[in-house]
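Q: Spelled out, the chains give:
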Amino acid sequence: MSAPHEHQHQHTKDNDDATHDDHLHIVPPRTYIIVGTILLIFTALTVWASYLELGVFNPVIALFIACVKATVVVLFFMHVKYSSKLTKLTVGAGVFTFLTLIAMTLADYFTRAWGRW
Amino acid sequence: MDHISQVLWQFLEKWLTNFSLYPPEASKIAPQMDALYFFMVLVSLIGLTIVILLVTGFSILYSKKRHPVAVQIEGSTLLEATWTIIPLGLFLIMFVWGALIYFRVYTPPANAMNIYVVGKQWMWKAEHPGGQHEINALHVPTGRPIQLTLISQDVFHSFSIPAFRVKREAIPGRYTSVWFEATKTGTYHLFCTQYCGTNHSAMIGDIVVQTPDEYKKWLQGSTSGMSLAQNGERLFASLSCSACHNGRADARGPALAGVYGSKLTLTNGQSVSVDEAYLREAILNPSEHVTQGYSPIMPTYQGQISEDGVISLVEYIKNLNSNDRVEQTLTTTTLLPESEGKAAAVGTSTGQTSTKQGMVKQ
Amino acid sequence: MSDSTVAVSGAQAEGAHSGHHEHPPYQRHHFETIEQQMDATSFAMWLFLLTEIMFFGGLFTAYLIYRNWYYPAFVAGSHQLNIFWGTANTAVLITSSFTMAMGVWCAQTRRKGGLVLSLCLTLLLGLVFLGIKSIEYSEKIEKHHVPGFHYSLRSFTDPASDPEIYDQYHDKPLALDMARHTEMYFGLYFAMTGMHALHMIIGCAILGYLIFRAQAGDYTTGHVTFVENFGLYWHFVDIIWIFLFPLLYLISRHG
Amino acid sequence: MSSSTIVSLPDQSTARIPKVNFITKENGLLSWLLTGDHKRIAMLYLASITFFFAIGGALAGLIRLELLTPQSDLMATDTYNKVFTMHGVVMIFLFLVPSVPATLGNFLIPLMIGAKDLALPKINLLSWYLYVAGGILVLYTMAAGGVDTGWTFTTPLSTHYLNTNVLSTGIAIFIAGFSSIFTGLNFIVTIHKMRAPGMTWFRLPLFVWSHYAASILMVLGTPVLAIALVLVILERTMGIGVFDAAKGGDPILFQHLFWFYSHPAVYIMILPGMGVISEVISTFSRKRVFGYTAVAFSSVAIAVFGFFVWEHHMFIMGVSSYSTLVFSLLTMLVAVPSAIKIFNWSFTLYKGSITFETPMLYAFGFMGLFTIGGLTGVFLGTTGTDIHLTETYFIVAHFHFVMVGGMLMAFLSGIHFWWPKMTGRMYPEKISQLAALITFIGFNFTFFPQFILGTLGMPRRYAAYPAEFQVLNVFSTAGATILGVGYLLPILYLTWSLRYGEIAGSNPWQATGLEWQIQSPPLTENFPEIPIVDHDAYDYDWLERKHEREREVTSV
Ligand code: HEA
Ligand code: HEA
Ligand code: CUA
Ligand SMILES: [Cu+2]
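Residue numbers (the working numbering), protein chains in the order written: chain Y, 1 to 117; chain B, 1 to 362; chain V, 1 to 255; chain P, 1 to 556.
Since the hints were made in silico from the structure, they are not lab data.
None of the values given here were measured: they were computed from a predicted structure.
Treat the hints loosely; a few may be bogus.
Below are the SDA-like pairs computed for lysine to any residue, each with C-alpha atoms no more than 25 Å apart in a straight line [what the hints assert, rightly or not]:
1) P:K430 x P:L488
2) B:K64 x P:P10
3) V:K143 x V:V75
4) P:K351 x B:T56
5) B:K64 x P:R551
6) V:K133 x Y:K85
7) B:K64 x P:L488
8) P:K122 x V:I211
9) Y:K85 x V:Y233
Stretch-level coverage of chain P by chain V, calculated; a stretch enters the list once three of its residues show a Cβ under 8 Å from a Cβ in chain V [said to hold, decoys possible]:
10) 187-198
11) 225-233
12) 245-251
C-beta: ideal position from N, C-alpha, C; glycine also.
Please model the entire structure based on the sequences and the hints provided.
A: Okay, here's the thing in structure tokens:
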């Protein structure tokens, strides 16, 4: 089998953000199987949790589980755990802007209830 | 030639008489707003002058002729810090000052006289508490804080009185408010400043500021019979509100006397203070904020009362200080024809969301 | 004189294409090395996914506001969704993500058969997802729960008229004003799942193309970028669903 | 300051345009329509945005004509509404957003960082086609009777109360938006991954930094506009209710989504222009930009803070007063980096050796007009004064000062500056200086009176207005006429110069950027051999040394 080496350093230039070994990191199928199973288990978990009477914690738990699942997908299926800083930063920037949109918009909606608009 | 110069002269004259550079200051807030405005103009002029002086000065001093070889300079932390911090400081002053004015403009004093304004494509309708209606005009007295409670029947509009330096958007589905105290008599422009479709530019009118005496006279001269509260009372009866809100011990709904201005606790634990906006919500979307101790049985009146009708009801409830008046409506209900009372109580069964149906005549 | 200031003189221009190092056939001319090309394309894919995050961000914002305002309507609306189909679909999609990840692995390790198989499975699961989704949609259409098209409030003002759901949750009837807001719930439901389904459809189309090329052996000679990038897309669509599922289906399921 | 002290043109009798260059490389329409070359795509963009600028300008002319008299006599009010809507849509989405980035940015970024092309040439071409598709849809909209929502698409007006072509316009902008996303995405990838050896982040020309910042905004902001438009379309076709107060929706939510894009969009529009100004001012004062790092980081700061201020477009629209505090404060913060830039540019002139060619004149125009425009933006960002000034001609004046006085001046500055590089030929210097002057004068005549009109309270989007505003409006219209001449001139003489202009040689301005060290027009592959960069941006000593070395070589 002609699989490339897992860590092959080949710096062509001094680009600070280029760590060239990312692409060649091959995640073994075992990891995928574990991750896939975890995801299925968490799916069952979240359905089960939704039948419990937890008040405000129902959505909290549902979202928490969803976040865990999403993180696992991003880290392993999407290889971010093995990727360059740049990729991690990119994901971070996306999540940050997404939260900005939501949080700053809701800031208007929640403070309207304080009485003045 | 002669003819032409005459025309020209007329034109010029017309121009000169129709020319102004600054709007009149006709409200209490206007001088305060202008103080800030001129402060900002001043800062801007200084800033602009500095920039212009720098650019032209250096251009002259260091033109290629005078200064053939450039001296390379990296930068200067001190200078850069200066022009970061000074503008920032000035901007922050403007922010604080501006915010103070903003809150003043949008926080009506408790003793303000309330006038309702309904905007719709393409006219303004003002409703005085005494029941006087005005279209594209608003009469107000000097020396008295006036609160406007605004709502739109369709799209966004904006109620703008440049001479007062106040402006507030009238939005669909929710009351907004603004207040002012006029100081100078006269007639001023009223504009709709939010783009609202074809005749946006025709949605204009006059603000007539009168002395309190003149205003009183005007009020008397233009009463149309019923005050808002009286009209509300009529509606309260005809829509059978009094069937539940009759103030009796066995009533299905809470007594409404004195509810305005009080604080209510809702079933979801929230506490709300009852203002015009809340009353409107309580009538149109009752099940969204159910008062503690009651069940959500009150039907929605959405789509059955026009905004003017809601305003009358709100004004009526606001002025309910004791339950006597409600008792009276109970007697009037029985006098009214059956059908009108019924028409309002339906609505639970149909799944229609149309807003046009079942309007009760005002 | 200025012509002579050219850092790279014109004479060299002729020799521009005298390739001095070996390039794999799939390397584009303007990249120096194949690593640079792979880096660039995968970075571009990530940036594209950022735009997708923000695209759905607008929908999530709308959802959060209205769910907060009209909670009872959203609960009643969510009871109309079939939790079995929802869960099944989540499982299907997660599995497809897994097969996609395996596909990438096969491409990386140059296993052509495995790659084609994984891609086919992924496509199959994607289609199953869409199939289930269309079953769910048709249920809504039958019940007149599509906003704007003779939307019916009956299931909410009179839950008992909808025995299937009523037997499960024993919902109390909603007041008319609140019941009307279920239309908002379904509006968002269709907007969100519709946008998601659109992404799935595009994904399936690309998968078809990928399978075709993989069959020809295109991705098992070291040129895996396209497969990898498509994998990123597919996983992203999966993540969106991971959030849509609890938000839309699992609001207050307890009776 | 007589003509062109800095220009070092080759001897016109012997000079030739290099036979092999990106323009002559291939012939035929198809070779342009299917090209992957960033320089050719830039030219395609240049032609198409000029076309749309002419349309937008013609519509502006109609606006100004109508406003000559207080009554709505030239056209009916709804025609007027359509005219300003199409003017806004065309100018913003089809002209100003792509103006500098898609033409100059496209052309120059690979050259400046020493790359052979953008990272994704096909996506680049796709983005042009998307632009064209969006443009055609806008043209279709106009032909089909136009749309009168205003460029801001305010709900529920756009969703429930108009029966004009809202859908086709919405789709057009949606598509044009993706064109912009792809441009931004391409730039970010290119700047990260394609820099030549030695071209570190802090050696990048500031033009590249500002495009990087603008690209971040394009990538993260535009999709929110897209989803806002999708929701408008769904609301119009299905009535899903999210923006419909009658169904419990909140029309203000649309404003949030729209301005979440459209505020950052104003920085998408200005940042690339600021990049141009950095290059031009440095070149014509022969000095490195004062405080390079501060200017570079201020671009990024504008981009980041730009995401947190959108609500300042909604201060009186019924948002919570408490949230206006936050957004107003952040608006003040975002204004500071712009001030930093203005002062740093001013001090770049200090102890320089300044000449006054056309690009520099436009740059000076930019500095003055953008300062006015920006400072009046602060008036609007201050909650108190915004109450009086919002939705009046004060806003119209504010944004024309920043967009026309700022960005359009910067665009023209850049076009003149890099014209010799792009085409290999010079334009007639005297006429172009005159045009710059005319533009400046005409501009001030057109838009300065509008500040006064706004303070007086004249509302925007009015086809008819009270008679006392007429004098100032006549001024404004007269100014617009001058302005129109000012814009027509460059179109004419630049076209003329394509054929008859003097041969420019590779570096007529003696500028330091990498793009100036290769032939003009450049080769298709830009650099036959990827350069190795060993000096900072704006290193005029390096240029000097290089010339010296070359002289030695030739004299030996
Ligand atoms: C290129 C486009 C562009 C740019 C760069 C800007 C820049 C800014 N804009 Fe503007 N804006 C628009 C385009 C733009 N704007 C448009 C199109 C609209 C209208 C949309 C519509 O409704 O149709 C608008 C509307 C608009 C509003 C909404 C008004 C309303 O609807 O009520 C506001 C409010 O805060 C605002 C603020 C600002 C501010 C604070 C800046 C700042 O970034 C400016 C910063 C710059 C400076 C501050 C100048 C430099 C400073 C100095 C040189 C310092 C001087 C020295 C001292 C103070 C000592 N703008
Ligand atoms: C990039 C953006 C941009 C540019 C460049 C311009 C340029 C101009 N704009 Fe505009 N404008 C906007 C963006 C822009 N505008 C926006 C976003 C709005 C808000 C819309 C809304 O409310 O929804 C607006 C609104 C607006 C109004 C307010 C309308 C109202 O509220 O009622 C006015 C009024 O004077 C105006 C005038 C002008 C003028 C005189 C020019 C001049 O600078 C134009 C000068 C150019 C020319 C005159 C053409 C040059 C000549 C040629 C290219 C030759 C070829 C021409 C032909 C063959 C015909 N514009
Ligand atoms: Cu009403 Cu404009
Ligand atoms: Cu803004």
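Q: Each hint needs a verdict: does it hold in this structure or not?
A: Hints versus structure:
The hinted pair formed by K430 of chain P and L488 of chain P meets the criterion: a straight-line CA distance of about 15 Å does not exceed 25 Å. A C-alpha spacing of about 21 Å is found between K64 of chain B and P10 of chain P, which places the hinted pair at or below 25 Å, so the restraint holds. Straight-line distance between C-alpha atoms of K143 of chain V and V75 of chain V comes to about 17 Å, which keeps the hinted pair within the 25 Å bound. Pair hint K351 of chain P plus T56 of chain B holds up; C-alpha atoms about 13 Å apart against a cutoff of 25 Å.
With a C-alpha separation of about 24 Å, the suggested pairing of K64 of chain B with R551 of chain P holds against the 25 Å cut-off. Using a Cα cut-off of 25 Å, the hinted pair K133 of chain V and K85 of chain Y is violated, with the two alpha carbons roughly 38 Å apart. With a C-alpha separation of about 31 Å, the suggested pairing of K64 of chain B with L488 of chain P is violated against the 25 Å cut-off. Of the pairs offered as hints, the one joining K122 of chain P and I211 of chain V holds, with about 22 Å between alpha carbons and a cut-off of 25 Å not exceeded.
With a CA separation close to 20 Å, the supplied pair K85 of chain Y and Y233 of chain V stays within the 25 Å bound. Given as covered by chain V, the segment 187-198 of chain P passes the check, having 6 residues with a CB less than 8 Å from a CB of that chain where 3 are the minimum. With a cut-off of 8 Å between beta carbons, the segment 225-233 of chain P has 5 residues touching chain V; three or more are needed, and the interface restraint holds. Against chain V, the segment 245-251 of chain P contributes 4 residues with a C-beta closer than 8 Å to a partner C-beta. That satisfies the three-residue criterion, and the hint holds.
Hint violations for this structure: numbers 6, 7, all remaining hints satisfied.
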